[in-house]
Every structure is written in structure tokens, then in C-alpha cells.
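> The residues making up each chain are set out below.
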Amino acid sequence: MLSEDALKKIDREVAKYPADQKQSAVMAALVIAQDEKGWLDRETIGDVADYLGMAQIAAYEVATFYNMYDLAPVGKHKLTVCTNLPCALSGGVHAADYLKKKLGIDFNETTPDGMFTLKEGECLGACGDAPVLLVNNKRMCCFMTPEEIDKLIAECK
Amino acid sequence: MALISAINPLLTAGWQTGGHEWRMEKDAGWRLKDYEARGGYKALRKIINDKLTQDDVIGEVKKSALRGRGGAGFPTGLKWGFMPKAAPVKYIVCNTDEGEPGTFKDRDLLRYDPHSVIEGMIIAGYAVGAALGYNYIHGEIYEIYQRFEEALDEARAAGYLGGNILGSGFNFDLFAHQGWGAYICGEESALLESIEGKKGQPRFKPPFPANVGLYGKPTTINNTESFAAIPFIFNIGGENYLNLGKPNNGGTKLYSVSGHVNRPGNYEVPMGTPFATLLEMAGGMRGGRKLKAVIPGGSSAPVLPAEIMMDCTMDYDSLAKAGSMLGSGAVIVMDETVCMVKALERLSYFYFEESCGQCTPCREGTGWLYRIVHRIEHGQGRADDLELLNSLTENIMGRTICALGDAAALPVRSFTKHFKSEFEYHIEHKKCLVPPDVQYEGSKIYVRPSAC
Numbered sequence: 698m699l700s701e702d703a704l705k706k707i708d709r710e711v712a713k714y715p716a717d718q719k720q721s722a723v724m725a726a727l728v729i730a731q732d733e734k735g736w737l738d739r740e741t742i743g744d745v746a747d748y749l750g751m752a753q754i755a756a757y758e759v760a761t762f763y764n765m766y767d768l769a770p771v772g773k774h775k776l777t778v779c780t781n782l783p784c785a786l787s788g789g790v791h792a793a794d795y796l797k798k799k800l801g802i803d804f805n806e807t808t809p810d811g812m813f814t815l816k817e818g819e820c821l822g823a824c825g826d827a828p829v830l831l832v833n834n835k836r837m838c839c840f841m842t843p844e845e846i847d848k849l850i851a852e853c854k
Numbered sequence: 008m009a010l011i012s013a014i015n016p017l018l019t020a021g022w023q024t025g026g027h028e029w030r031m032e033k034d035a036g037w038r039l040k041d042y043e044a045r046g047g048y049k050a051l052r053k054i055i056n057d058k059l060t061q062d063d064v065i066g067e068v069k070k071s072a073l074r075g076r077g078g079a080g081f082p083t084g085l086k087w088g089f090m091p092k093a094a095p096v097k098y099i100v101c102n103t104d105e106g107e108p109g110t111f112k113d114r115d116l117l118r119y120d121p122h123s124v125i126e127g128m129i130i131a132g133y134a135v136g137a138a139l140g141y142n143y144i145h146g147e148i149y150e151i152y153q154r155f156e157e158a159l160d161e162a163r164a165a166g167y168l169g170g171n172i173l174g175s176g177f178n179f180d181l182f183a184h185q186g187w188g189a190y191i192c193g194e195e196s197a198l199l200e201s202i203e204g205k206k207g208q209p210r211f212k213p214p215f216p217a218n219v220g221l222y223g224k225p226t227t228i229n230n231t232e233s234f235a236a237i238p239f240i241f242n243i244g245g246e247n248y249l250n251l252g253k254p255n256n257g258g259t260k261l262y263s264v265s266g267h268v269n270r271p272g273n274y275e276v277p278m279g280t281p282f283a284t285l286l287e288m289a290g291g292m293r294g295g296r297k298l299k300a301v302i303p304g305g306s307s308a309p310v311l312p313a314e315i316m317m318d319c320t321m322d323y324d325s326l327a328k329a330g331s332m333l334g335s336g337a338v339i340v341m342d343e344t345v346c347m348v349k350a351l352e353r354l355s356y357f358y359f360e361e362s363c364g365q366c367t368p369c370r371e372g373t374g375w376l377y378r379i380v381h382r383i384e385h386g387q388g389r390a391d392d393l394e395l396l397n398s399l400t401e402n403i404m405g406r407t408i409c410a411l412g413d414a415a416a417l418p419v420r421s422f423t424k425h426f427k428s429e430f431e432y433h434i435e436h437k438k439c440l441v442p443p444d445v446q447y448e449g450s451k452i453y454v455r456p457s458a459c
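Those protein sequence lines, which keep their order, are chains A and B.
Going by our numbering, the first sequence runs without a break in its numbering and finishes at 854.
Going by our numbering, the second sequence runs without a break in its numbering and finishes at 459.
Derived by calculation from the structure, the hints in this document are not laboratory data.
Fair warning: there could be bad hints in the mix.
[What the hints assert, rightly or not] To spell it out: a stretch of chain A is covered by chain B in this simulated footprint if at least three of its residues, at any positions, have a beta carbon under 8 Å from a beta carbon of chain B; those stretches are: (1) 724-736; (2) 758-764; (3) 790-798; (4) 802-811.
[What the hints assert, rightly or not] Straight line, CA to CA, 25 Å or less: simulated DSS-like cross-link-like pairs of lysine-lysine: (5) A:K713 - B:K224; (6) A:K719 - B:K437; (7) A:K713 - B:K205; (8) B:K205 - A:K706; (9) A:K773 - A:K816; (10) B:K437 - A:K835; (11) B:K224 - A:K719; (12) A:K734 - B:K206; (13) A:K705 - B:K205; (14) B:K424 - A:K775; (15) A:K799 - B:K451; (16) A:K797 - B:K205; (17) A:K854 - A:K773; (18) A:K719 - B:K451; (19) A:K835 - B:K206; (20) B:K224 - B:K206; (21) A:K734 - B:K205; (22) B:K451 - A:K816; (23) B:K451 - A:K798; (24) A:K734 - A:K816; (25) A:K706 - B:K206; (26) B:K206 - A:K775; (27) A:K775 - A:K799; (28) A:K816 - B:K206; (29) A:K713 - B:K206; (30) B:K437 - B:K424; (31) A:K848 - B:K205; (32) A:K798 - A:K848.
We put the beta carbon where it would ideally sit given N, CA and C, even for glycine.
Build the full structure now, drawing on both the sequences and the hints.
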């Protein structure tokens, strides 16, 4: 079950929508649940659905449709590097290569100590700030030169 | 430019020099007090004080010739006019699901000027008789979402949102809805589905959102930049706004310039500005290298070779005439070190990854497109692959519910049309015209010195 604190946050989201449209809060509620649990297993998704009074399968559809929900465990720090064309023109691929080498993992892998998961991202909407990466879905890091990447990794450890 | 600088809050705030410098020097200006100090909420006050009717407001927007800044370029005033007057419940929705590769203007708008979007949405609510609105914000920019929520709190506390706004008897409230990683939600009906708490799969149209929108109610949905332009239009007058641009292409536009330029960033210039001028503003070509190609309107817009692009002006009509489109105003600049096959491969992968899977021609077709371009790039292309790609695009375009299928097909058609010899070389010689190390070196990490 989700904590009282998480449920309170979900209530705040529910209040944004008309009283008969609680389901509208499901995207935010799943984010809140993911933040608390680290990733979304079926039970958690089911709890969110029950809390919002919607069918569990409908919440599961949402969780599987949007890219940033983690349906399997990830490292403590999930790093998503954009390699789409505009970023790639300014070093997105180089930044990803540097991270792969530094962490010793490829895309969609997690370091043995469980600290880092590396993901290839689609457009993060910050192409002018390339290379760009996201830390745990919420923190955007821009202009990621090798020095900046070193700093970030040191800070995460 | 001096005249515009004097009257356009965006330009005076430093947009003409690019978002980056502004952020470095002026990232304290997004709060309500700053916005009010530069004339913010004056347009809303004036509309309320002068007791303008809904038709007055819509008429002024029509006069401005503002066209949707999200990509389609549909006249905003006309769209507002489609809203049924008698309907008791209506909604205003802002589309900040900015995930089209190359586009990063709405992020900066919400980061530096969130209240201009809020004011624009309130005015839209007033014009169409809606009492509730949502801003759907791209999931990847969570920090911007948080800032927008703070700005909403400020506006609510100041009486710009909520009941009886500024004593007018008009009620309007506004909330932020976060996306969570689905490009397709930038399509307006998919976005509405997403706000309803469902998978973001586009709806059949018609009916259009103005008749059956959010929760089945009439809904006006516009891009962030369109809403941000609204207060400005009322401050200077619709006709003056139109005159900043050129006929049928009113006003100014934000261009997100990315790729091989010296100063990637956002630049606001009048509609109809020559591409060459924009390129110069963005610092020219990186390392003095030669311009090869430009995608002028986000990744879905057809690519144009340098020689065609250098003759274009940046507006809906000029780029349409050149065989591309203005789209979202995302200008992706590529120099001579770029392998066009590889560039297309990356874009094709994007559409394959982001197809929502609802329509067979798109779900299957985007996979086919990616796999064929991938095999050409990796030296396994076949003699008839270009023909196959062409026939695939014909079987996708116009055969899907939304435009994502077309968006995946247009890059393929334009890349293979304008750079056909490069594709043929790849197929015949199993390698690229541009040596791989030149490609890798040409796109190495580049951060312009003032950025960090």
C-alpha cells in the first residue's frame, strides 16, 4: 500500500479535475507511486487504480503506454541520455558513449552495485542544451561535457 | 528591430539574443511581480475594464492573423470562433507536450515567462466562455512543471485565477497536467485522452475538439506559444501584430535553432525573416563548415538542401512553397559532416518507437521504414530499397487516424528525394560517402563557451 504522504499528494492531483473525473489523476498518481516504491509492480498499479476508483487494467494500460514509468526495478539513479538527431549533432552520442565506458554498462543495463541504470532517451525537448540527460525522470542536466558527467556521477555516489 | 524591441515584452526580455544568455543573466524574471512590472496582465485588465464581448476578443485575435504555433499553423481566432456559444461546460487546454525533435521553445517560454501563457489562457477562457483550463506539460521537463504550478499559485493569490476575476463576474481556473513520456500526446486528441487518464491514442476527427473535446465537452486547444502571444496582441492591437510579420503570417515567432551552429538556442524574429538572417543570429555554422541541409520545422518537416534553404524566408507560406513546412519552428541545421542516411535512420527510429500502435499502416509501417533505412546505413541495402521505401510511405500517408504516420513518412520521402545519390552510394558501396571518423568528429560534444 502507498503511504499516507503519497495518498495526500494524490489527493492534491485529484482536486485538479472535475469531481467525476478522478481517473484524470492516474498519470500523476503513478508517478507519485513510482517515486515511493522505486518502480511499479502490478500490485502498486492495482492499488493506485483502486484508490482512484478505476479498473486496474485501465491503470495498467497507462503505466505500460508512457515511457517513463518503470515496470521493472532500475538502479538508484536512472540516467536517460537523449541521442535523437538534434542532440546527436552536438554530442549526444558522444556523451552516451562516455557514460557507457565510465559506468561499464550499455543502454538498458544496471551497474552491478545497483547504483546506475542507463537508458537511451527520445526527445527531451531541450535540444539547444545538448548533450542532455535526465536523472530519475525529473532532474534535467544540460551541456553534459565529460567533466560535467564526472561531477554528476561523483555527486550521485 | 528597435521598434519591436520597444514593444514586445519577449524581445525586450532578451529573446532576440537567444534564451541562453537570458537565462544566464536574467533568470529571475519569471515571477508575477516581474511579469507585472513589464506590463503583465494589462491585456486582461483592459479586456475586463472595457467590457469587451466574446466576439470583440475573438475578432481582435482574427485581425492579428496569429496562426497556431504548435505546427499546424491553423488560424487561432478562427479556432476560437468554432466554440459553440450555448454549451454550458467548455474547456481551454494548452499543449506544452513539446517532444518533436528540434523543438524547445515552449520549455523556455514556461521557464522564463509562465505568466504570459497563463494570461493568454485566461483571455481565451473569457473569449470562448470556458471556466476551467489545463496545461499539459511534457513529462521530461518536470522542473518546468513545478515552476508553472508555482506561477499558477501566484496568479490565484493575486485574483487573476479563480472566481470573479478582477471583479468581472468571470470565473476561470487553471491547472497543470504532467505528461510522462509519449510523443503522440502532442497530437491534440491524444493529449485530451491523456488528460482523461487514458493511453494517449488519437481520436477520429471529426468531431473536432471544439465540439467534442475534453470529457466530451467543447474544448479549445492551442500551443503554448500561441497563448503566450495573446496578451501581446491585445497590448499592441491585432493589426499591429499582423504588421510585425507579413500578410497571412502575422507577428513574430520563436525559432529553436539546434545542430551545427555556433549558438544553438531560441530566437524570436518577425515572420518572414530570411533564413540566412536567423542562421547569422545563431552564430553561423560551427567551425566555419559548409551548410548541407536544414530541417526547418521540427523532425516531421521535410528536409531541404542548403541551396534551397538559403533562399527561404521563415514563414508558413515560403517554406510550404519550397516543399517543406514551418511546423513548430524547430530549425535543425546540419553541416557537410552529416551522413544523411544515418540522420534519417535516427529519425525513423524515433517514429517507430513513438507510434501509438493504433493504426496498422503506422504501427507496422514505421517499423518497416526504420529497418530498411537501418540496413542501408549498415551496408546491407538492396538495389530496390529506395523504391520499397517510397511505396511504403505511400501506403502510410493519409491512411492513419492522426498525422504521426505522415510525420514518419515525410522525412523518408524528402531525405531520399534530395539526397538520393547518397542513399544510392550507400547501397552500392556498402559504406558512407562521409568517412565515419569525419562524421563522429563533426558531431562531437559542443557546448558554446558562454553556456556554462
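> Hints first: check each against the structure and report whether it holds.
Now the hints, each set against the structure:
1. 724-736: holds (count 4)
2. 758-764: Our answer is that it holds, as 5 residues pass the Cβ test (under 8 Å) against chain B, meeting three.
3. 790-798: holds (count 3)
4. 802-811: Violated - the region 802-811 of chain A has 0 residues with a Cβ nearer than 8 Å to chain B, which falls short of three.
5. A:K713 - B:K224: holds (17 Å)
6. A:K719 - B:K437: violated (55 Å)
7. A:K713 - B:K205: Within the cut-off at roughly 16 Å; holds.
8. B:K205 - A:K706: The given pair, whose Cα atoms are some 20 Å apart, holds under the 25 Å limit.
9. A:K773 - A:K816: Holds, because 13 Å separates the two Cα atoms, which is no more than 25 Å.
10. B:K437 - A:K835: With a Cα-Cα distance of about 42 Å, the restraint between B:K437 and A:K835 is violated, given a limit of 25 Å.
11. B:K224 - A:K719: Judged against 25 Å, a Cα distance of about 17 Å means the pair holds.
12. A:K734 - B:K206: holds (22 Å)
13. A:K705 - B:K205: Distance ~22 Å between A:K705 and B:K205 Cα, so the pair holds.
14. B:K424 - A:K775: Distance ~40 Å between B:K424 and A:K775 Cα, so the pair is violated.
15. A:K799 - B:K451: OK: A:K799 and B:K451 at ~17 Å, within 25 Å.
16. A:K797 - B:K205: The hint is violated at about 35 Å.
17. A:K854 - A:K773: holds (10 Å)
18. A:K719 - B:K451: violated (47 Å)
19. A:K835 - B:K206: holds (21 Å)
20. B:K224 - B:K206: The given pair, whose Cα atoms are some 19 Å apart, holds under the 25 Å limit.
21. A:K734 - B:K205: Within the cut-off at roughly 22 Å; holds.
22. B:K451 - A:K816: holds (20 Å)
23. B:K451 - A:K798: holds (16 Å)
24. A:K734 - A:K816: holds (19 Å)
25. A:K706 - B:K206: holds (22 Å)
26. B:K206 - A:K775: Holds, because 24 Å separates the two Cα atoms, which is no more than 25 Å.
27. A:K775 - A:K799: Answer holds: A:K775 to A:K799 is near 15 Å, not above 25 Å.
28. A:K816 - B:K206: Answer holds: A:K816 to B:K206 is near 22 Å, not above 25 Å.
29. A:K713 - B:K206: holds (19 Å)
30. B:K437 - B:K424: holds (20 Å)
31. A:K848 - B:K205: violated (39 Å)
32. A:K798 - A:K848: Distance ~15 Å between A:K798 and A:K848 Cα, so the pair holds.
Checked against the numbered hints given earlier, this structure breaks hints 4, 6, 10, 14, 16, 18 and 31; the rest are met.
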